[in-house]
Amino acid sequence: MNSNKQLNILYCEGNTDGTIGGSFYSLFYLVSGLDRAKYNPVVVFYYSNSVAEKLEKLNIKTIILRRPKPYISVKRMDRGRSRSFSIPLIFQKAINFTKFHIILSIKYALLLKKYKIDLLHLNNSITKNHEWILAACLGRVRCITHERGINTSFSRLARFYAKKLDAVICISQAVTKGLIDNKVVLRRSVTIYNGIDPERIIADTDEGGIRKLHGIEGDWTIIGVVGNIKKWKGQETAIKAMEHVVRLFPKTMCLLVGDTSEYDKDYLEYLKKLTQKLKLEQHITFTGYIENVANYLNCMKIVLHTSLEPEPFGRVLIEAMAMKKPLIAAWAGAVSEIVKEGSTGFGFPPGDWHSLAEKICKLLADEQLAFKFGTNAYQRLVELFDIKININSTMRLYDELLK
Numbered sequence: 001m002n003s004n005k006q007l008n009i010l011y012c013e014g015n016t017d018g019t020i021g022g023s024f025y026s027l028f029y030l031v032s033g034l035d036r037a038k039y040n041p042v043v044v045f046y047y048s049n050s051v052a053e054k055l056e057k058l059n060i061k062t063i064i065l066r067r068p069k070p071y072i073s074v075k076r077m078d079r080g081r082s083r084s085f086s087i088p089l090i091f092q093k094a095i096n097f098t099k100f101h102i103i104l105s106i107k108y109a110l111l112l113k114k115y116k117i118d119l120l121h122l123n124n125s126i127t128k129n130h131e132w133i134l135a136a137c138l139g140r141v142r143c144i145t146h147e148r149g150i151n152t153s154f155s156r157l158a159r160f161y162a163k164k165l166d167a168v169i170c171i172s173q174a175v176t177k178g179l180i181d182n183k184v185v186l187r188r189s190v191t192i193y194n195g196i197d198p199e200r201i202i203a204d205t206d207e208g209g210i211r212k213l214h215g216i217e218g219d220w221t222i223i224g225v226v227g228n229i230k231k232w233k234g235q236e237t238a239i240k241a242m243e244h245v246v247r248l249f250p251k252t253m254c255l256l257v258g259d260t261s262e263y264d265k266d267y268l269e270y271l272k273k274l275t276q277k278l279k280l281e282q283h284i285t286f287t288g289y290i291e292n293v294a295n296y297l298n299c300m301k302i303v304l305h306t307s308l309e310p311e312p313f314g315r316v317l318i319e320a321m322a323m324k325k326p327l328i329a330a331w332a333g334a335v336s337e338i339v340k341e342g343s344t345g346f347g348f349p350p351g352d353w354h355s356l357a358e359k360i361c362k363l364l365a366d367e368q369l370a371f372k373f374g375t376n377a378y379q380r381l382v383e384l385f386d387i388k389i390n391i392n393s394t395m396r397l398y399d400e401l402l403k
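Every letter in the sequence shown is one number past the one before it in UniProt numbering, and letter 81, counting from 1, is 81.
Honestly, the hints are just simulated from the structure, not real lab data. A hint or two may mislead.
[To be verified] With beta-carbon atoms standing in for the labels, derived distance ranges: (1) LEU65 x TRP220: 43 to 51 angstroms; (2) PHE160 x GLY208: 51 to 59 angstroms; (3) LYS54 x ASP17: 14 to 22 angstroms; (4) ILE64 x MET395: 25 to 33 angstroms; (5) ARG188 x LEU213: 45 to 53 angstroms.
[As the list claims (entries may be wrong)] With a Cα cut of at most 30 angstroms, we get these calculated DSS-like pairs of lysine-lysine: (6) LYS38 x LYS5; (7) LYS231 x LYS273; (8) LYS5 x LYS114.
Heads up, the beta-carbon is just placed ideally off N, CA and C, and yes, glycines get one too.
All chains should be modelled from the sequences, with the hints used to inform the complete structure.
Okay, structure coming up:
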């Protein structure tokens with residue numbers, strides 16, 4: 001590798017559901033913190049979003065690519081009426097494979113050539129972005145991916161392309177274990193925790209402004225869950241726990257902070273009906289999409305994490321730690337790598353709202369313990385999850401691969 005040459009790295013965020021989740025912010029922190037004297041980043045998204053706008057303001061090239069829709073069926077007219085009939089499944093799969101895989105791979109290979117890319121960094125999982133991996137093979141470009149999920153099954157195509165990757169970055173030991181347990185064959189894997197810069201987690205609206213926005217009285221205590229509204233995120237656990245919390249602490253508000261994709265509208269409606277059924281309308285607030293979650297974390301006495309499935313990492317946990325907040329988290333996946341039980345917060349079995357309610361009440365009743373947890377949490381963040389550690393580890397991997 002010529003140390004005097006600036007290396008071109010293309011990043012691809014493969015999310016297509018319209019929401020902005022943790023992978024977007026992980027990508028933003030990494031790309032914005034690169035040594036720009038050595039690396040020239042180009043970032044691809046599949047739809048316009050606020051993270052792309054932030055990158056553009058930092059003079060980082062972003063590209064919005066529109067993905068074609070999959071082929072499903074065709075319609076015909078029969079005696080004046082429209083009828084639909086499906087082409088046999090095997091032909092539909094062949095059409096979609098050609099449309100999404102072969103044609104897109106060629107298109108993306110030309111894109112890699114256009115921008116003289118030295119390394120392709122995929123931001124999501126070995127289960128996605130296969131057309132990009134093929135494009136890298138066609139263009140003879142080194143290719144790596146983040147693995148941000150704990151998957152229980154892998155398609156033949158995913159297993160095939162996993163072998164083609166130069167390296168896989170796992171965001172936690174739990175993710176690494178998931179790949180090992182499923183016997184996914186890799187050339188190389190490294191564990192690099194997600195990171196943040198605690199100095200950039202800043203509230204730009206004070207607590208009073210948030211309370212006024214949502215009509216929350218000044219003597220009410222605010223707790224909450226931060227994360228897109230999805231069934232596996234388990235917001236219903238928090239709602240059920242609140243039924244018991246408000247019996248002991250009636251002036252408690254739980255904020256459910258996060259966006260909802262079109263695929264998850266039904267779950268949002270279920271949560272709202274559950275809130276009404278339990279007569280918690282005065283104690284549960286759905287905020288919708290929030291640009292700066294620090295404004296809401298800043299208001300919370302306790303930050304809850306309620307995922308029902310094993311969490312690959314849990315970015316909101318370290319964001320809360322940056323603001324010195326005590327944590328109560330569903331104890332599965334990587335959570336035990338982030339939260340230190342009895343030191344930075346409490347764990348509880350996923351979905352166990354009785355246990356969650358008990359832990360909430362314990363911290364609400366003991367402000368000194370909550371303060372201690374928050375202080376310890378910040379120190380743990382600095383030691384393990386500072387963005388500088390993440391960026392330096394990733395750049396070392398780049399240098400090793402591009403020698």
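Do the hints match the structure? See the list:
Checked against the hint of 43 to 51 angstroms, the C-beta distance between LEU65 and TRP220 comes to roughly 45 angstroms, which is consistent with it. Against the hinted window of 51 to 59 angstroms, the Cβ-Cβ separation of PHE160 and GLY208 comes to about 56 angstroms, which satisfies the hint. As the Cβ distance of LYS54 to ASP17 is approximately 20 angstroms, the hint placing it in 14 to 22 angstroms holds. Between ILE64 and MET395 the beta carbons are some 26 angstroms apart, a value that agrees with the proposed interval 25 to 33 angstroms.
The beta-carbon spacing between ARG188 and LEU213, approximately 48 angstroms, falls within the hinted interval of 45 to 53 angstroms. For the hint linking LYS38 to LYS5, the alpha-carbon distance of about 7 angstroms falls within 30 angstroms, and the restraint holds. Between LYS231 and LYS273 the alpha-carbon distance is near 14 angstroms, which keeps this suggested pair within the 30 angstroms criterion. Among the hinted pairs, LYS5 with LYS114 is consistent with the structure: their alpha-carbon atoms are about 17 angstroms apart, no more than 30 angstroms.
When held up to the earlier numbered hints, the structure conflicts with none and fits them all.
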